[in-house]
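Peer 1: In case you want the letters, here they are:
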Amino acid sequence: MSHANGSYYVPHGTRWPIIGSVGLFTLVVGAANWMNGSSSGQWVTMAGAAIVLFMMFGWFGEVIRESESGMYSKQVDTSFRMGMIWFIFSEVMFFAAFFGALYYARSFIVPWLGGEGTGAMTNELLWQGYEPVWPTNGPANLGGDFKTIPAFELPLFNTLLLLTSGFTVTMAHWALKKMQRRALVAWLAATVILGFVFVYFQMEEYAHAYHELGLTLGSGIYGSTFFMLTGFHGLHVTLGAIMLLIIMIRCAKGHFTPQEHFGFEAVAWYWHFVDVVWLGLFLFVYVL
Amino acid sequence: MSTAHTHEHHEAPKGLGRWVFSTNHKDIGTLYLLFSLLMFIVGGAMAMVIRLELFQPGLQFVHPEFFNQMTTMHALVMIFGAVMPAFVGLANWMIPLMIGAPDMALPRMNNWSFWILPFAFAMLLSTLFMDGGGPAGGWTLYPPLSLQSGNSFAFVIFAIHLMGISSIMGAINVIATILNMRAPGMTLLRMPLFVWTWLITAFLLIAVMPVLAGAVTMLLTDRFFDTSFFNAAGGGDPVMFQHIFWFFGHPEVYIMILPAFGIVSEIIPAFARKPLFGYASMVYASASIAFLSFIVWAHHMFTVGMPLGGELFFMYATMVIAVPTGVKVFNWVSTMWRGAMTFETPMLFALGFVVLFTIGGFSGLMLAIVPADFQYHDTYFVVAHFHYVLVTGAVFAIMAGAYYWLPKWTGHMYNEKLGKFHFWWSAIWVNVLFFPQHYLGLAGMPRRIPDYSVQFADFNMISSIGGFAFGVGQLLFVYIVIKTIRGGEKAEARSWEGAKGLEWTVPSPAPHHTFDTPPELDDSQLAHGGGH
Ligand SMILES: [Cu+2]
Numbered sequence: 000m001s002h003a004n005g006s007y008y009v010p011h012g013t014r015w016p017i018i019g020s021v022g023l024f025t026l027v028v029g030a031a032n033w034m035n036g037s038s039s040g041q042w043v044t045m046a047g048a049a050i051v052l053f054m055m056f057g058w059f060g061e062v063i064r065e066s067e068s069g070m071y072s073k074q075v076d077t078s079f080r081m082g083m084i085w086f087i088f089s090e091v092m093f094f095a096a097f098f099g100a101l102y103y104a105r106s107f108i109v110p111w112l113g114g115e116g117t118g119a120m121t122n123e124l125l126w127q128g129y130e131p132v133w134p135t136n137g138p139a140n141l142g143g144d145f146k147t148i149p150a151f152e153l154p155l156f157n158t159l160l161l162l163t164s165g166f167t168v169t170m171a172h173w174a175l176k177k178m179q180r181r182a183l184v185a186w187l188a189a190t191v192i193l194g195f196v197f198v199y200f201q202m203e204e205y206a207h208a209y210h211e212l213g214l215t216l217g218s219g220i221y222g223s224t225f226f227m228l229t230g231f232h233g234l235h236v237t238l239g240a241i242m243l244l245i246i247m248i249r250c251a252k253g254h255f256t257p258q259e260h261f262g263f264e265a266v267a268w269y270w271h272f273v274d275v276v277w278l279g280l281f282l283f284v285y286v287l
Numbered sequence: 000m001s002t003a004h005t006h007e008h009h010e011a012p013k014g015l016g017r018w019v020f021s022t023n024h025k026d027i028g029t030l031y032l033l034f035s036l037l038m039f040i041v042g043g044a045m046a047m048v049i050r051l052e053l054f055q056p057g058l059q060f061v062h063p064e065f066f067n068q069m070t071t072m073h074a075l076v077m078i079f080g081a082v083m084p085a086f087v088g089l090a091n092w093m094i095p096l097m098i099g100a101p102d103m104a105l106p107r108m109n110n111w112s113f114w115i116l117p118f119a120f121a122m123l124l125s126t127l128f129m130d131g132g133g134p135a136g137g138w139t140l141y142p143p144l145s146l147q148s149g150n151s152f153a154f155v156i157f158a159i160h161l162m163g164i165s166s167i168m169g170a171i172n173v174i175a176t177i178l179n180m181r182a183p184g185m186t187l188l189r190m191p192l193f194v195w196t197w198l199i200t201a202f203l204l205i206a207v208m209p210v211l212a213g214a215v216t217m218l219l220t221d222r223f224f225d226t227s228f229f230n231a232a233g234g235g236d237p238v239m240f241q242h243i244f245w246f247f248g249h250p251e252v253y254i255m256i257l258p259a260f261g262i263v264s265e266i267i268p269a270f271a272r273k274p275l276f277g278y279a280s281m282v283y284a285s286a287s288i289a290f291l292s293f294i295v296w297a298h299h300m301f302t303v304g305m306p307l308g309g310e311l312f313f314m315y316a317t318m319v320i321a322v323p324t325g326v327k328v329f330n331w332v333s334t335m336w337r338g339a340m341t342f343e344t345p346m347l348f349a350l351g352f353v354v355l356f357t358i359g360g361f362s363g364l365m366l367a368i369v370p371a372d373f374q375y376h377d378t379y380f381v382v383a384h385f386h387y388v389l390v391t392g393a394v395f396a397i398m399a400g401a402y403y404w405l406p407k408w409t410g411h412m413y414n415e416k417l418g419k420f421h422f423w424w425s426a427i428w429v430n431v432l433f434f435p436q437h438y439l440g441l442a443g444m445p446r447r448i449p450d451y452s453v454q455f456a457d458f459n460m461i462s463s464i465g466g467f468a469f470g471v472g473q474l475l476f477v478y479i480v481i482k483t484i485r486g487g488e489k490a491e492a493r494s495w496e497g498a499k500g501l502e503w504t505v506p507s508p509a510p511h512h513t514f515d516t517p518p519e520l521d522d523s524q525l526a527h528g529g530g531h
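Protein chains in written order, with numbering that gives the first Met the number 0: chain A, 0 to 287; chain B, 0 to 531.
Just chain A, same shape as in the assembly:
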């Protein structure tokens, strides 16, 4: 199926992308039907997700086998690195959209609704008496009264968890460079555990918000920005932790050398990226 062309490896044909396309298509068609209230939608969505998962196992598996059999030159490695870096950049821009919404709401929308500047008549005629303070669920008090999560309790603890995990993954990298495989696996295991504990506490926090604080996705602009930002971040932590877990298994199986371990580094970069996003979240969503 594949063949090395001169110095740069170019596979001859691949069936994974078309499987991935069918999977993605099934996934989103199912999701759209689900949202439109069709009862079969959720099953189609799950079938699509299963196909995508199958594709990822197959595709990554093939790449790992090729990599382990030494088919990749330094130049191929650089292509992979660039791919990962620019992928992470695209993720940064995705989060930027939601951070942008948060800043825009806080610095412009809420004051304008409260009558600042040219918003005076809007406030007078539509939202009289609305007090423009953050957090807010808007002049119509959408979703009812709510309280926010105090920053210096669970969120602070979660911050420490993620910062520690950034340290442990760096220790794992050192162990890999010194070829101490047992330490490498142990540090990675610690990172994975820290990641999943973080996700667990986030879920606890959500349950607390929904059941005790009255803070939901429907709590106006505060609820929207809070849950969409932390939700997408939590999703990324979950994915990152799964990726770390797979890297850990690969390390235990004896993959990677001190010189060549792009897979490890890519996931480590990704992990640092979710870490940095969290710091932004902690500061702008929880503290300020």
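Hints in this document: simulated from the structure, not taken from any laboratory.
There's no promise every hint is true.
Claimed, not checked - Only some residues are given here: those of chain B computed to face chain A with a beta carbon under 8 Å:
| no. | residue |
| --- | --- |
| 1 | E10 |
| 2 | G16 |
| 3 | A153 |
| 4 | D225 |
| 5 | S227 |
We put the CB at the ideal spot given by N, CA and C, even for glycine.
Since the structure of chain A is already known, use the hints to place chain B with the ligand on it.
Peer 2: Below, chain B with the ligand alone, put in the same frame as chain A:
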């Protein structure tokens, strides 16, 4: 002398699998280009419906609701289905050939970038047959209107997500290819300008497609999951959508024009038989345009309510773009100055581009002026403006590129007589089609309406006649392309006397695999940088 090392034992695989499982940049490029041509016809058919309904005042042929679906879908199909995939197809075919690379850097992902598109557009087009029809609130999907569409809404949002995934992967591949796969000696400032403009375009794509994904995700959650991003009652604001959308949208229009600049910068030197004037300034101008594209978005929103300081900032920032763009037009003209010019079809389209795109640029400057824009906003003046930059700009450049490189792709020369006829037919009728729309807009005719006041009747009829003629003329293009694929005069490796660059050192048609080992560069063969 640079030579192409081709391995004859790597012939293209046979059958459908060649296309579905392909990891070959030429085959994937062909897929992109053919898909784009198909979408160009589909989107063009929608434009015909629009011009048919607008032929006379009153409601003649279609329901207003269907008319609105046509304007919305025409835009989505032409932008995401025709223009962008055409440029990605050209990038796939030409970038590895131009920089001496064996293929794209990530060949499997390259396949996926393409094969998402047919599924995304099947999904998008299927909405026309759903309860409540397709999206009808304009391609910009402004809330609250877009949130009131029928069953199509979620499908449109997810289709856009898929297109975004495809574009981002395609862009990542282009960047990795350009930065990592250049033949030794092909330094950044020796790269052909098409490669340079695509490098910058790819950066823009990766920077803004995720922002569009974020914006439409917020729409989706506002509609289905109770969020209030664009709902003032909950402390949100519909105008915020416009800010996020146009933060994507303005760089997006440069995504659709920068590669066009690149194509024209390849073709004009070839047919003027002179090196490109001001190569380095072209690179810097492209980079400046890309930078400025991030800080001008609100010029689409002058009338929606913005503090005065914002209006002024976005007005001046927008007008500054005229400087680097002017540098480019100046350089193209200077390249031709005292050149030994000939006017084959690619050159004709490139010259048509320079003249007509510049008209679109000037109407853009008019729109940038805040008090003037208060008059022009949402009128046919805007429609005329962006069709000059997108049809006589982007599409003319794509046509120019297609004629220029068809010999390299197919191994045959196209029929020059027919090509020239296609150009003149298109160039005349496209002006009949769009030039009157300037006046319609200045006289106050609003866009996106199926009916209009009788004083607009004459110019609308002229515009529609131009539209039908232009539309029919494009079938000729399809015919020329098919005919060239199937046969014709054999093309030489260097299909054009004045053409320079590595792509002309490999045989025509380009073998399935080229540059398996990097070519040795020879300055006299290069289009730019070396020796000039
Ligand atoms: Cu713009």
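Peer 1: Against each hint, give a clear statement of whether it holds in the structure.
Peer 2: We went through each hint and held it up to the structure:
{"no.": "1", "hint": "E10", "verdict": "violated (11 Å)"}
{"no.": "2", "hint": "G16", "verdict": "holds (7 Å)"}
{"no.": "3", "hint": "A153", "verdict": "holds (4 Å)"}
{"no.": "4", "hint": "D225", "verdict": "holds (4 Å)"}
{"no.": "5", "hint": "S227", "verdict": "holds (5 Å)"}
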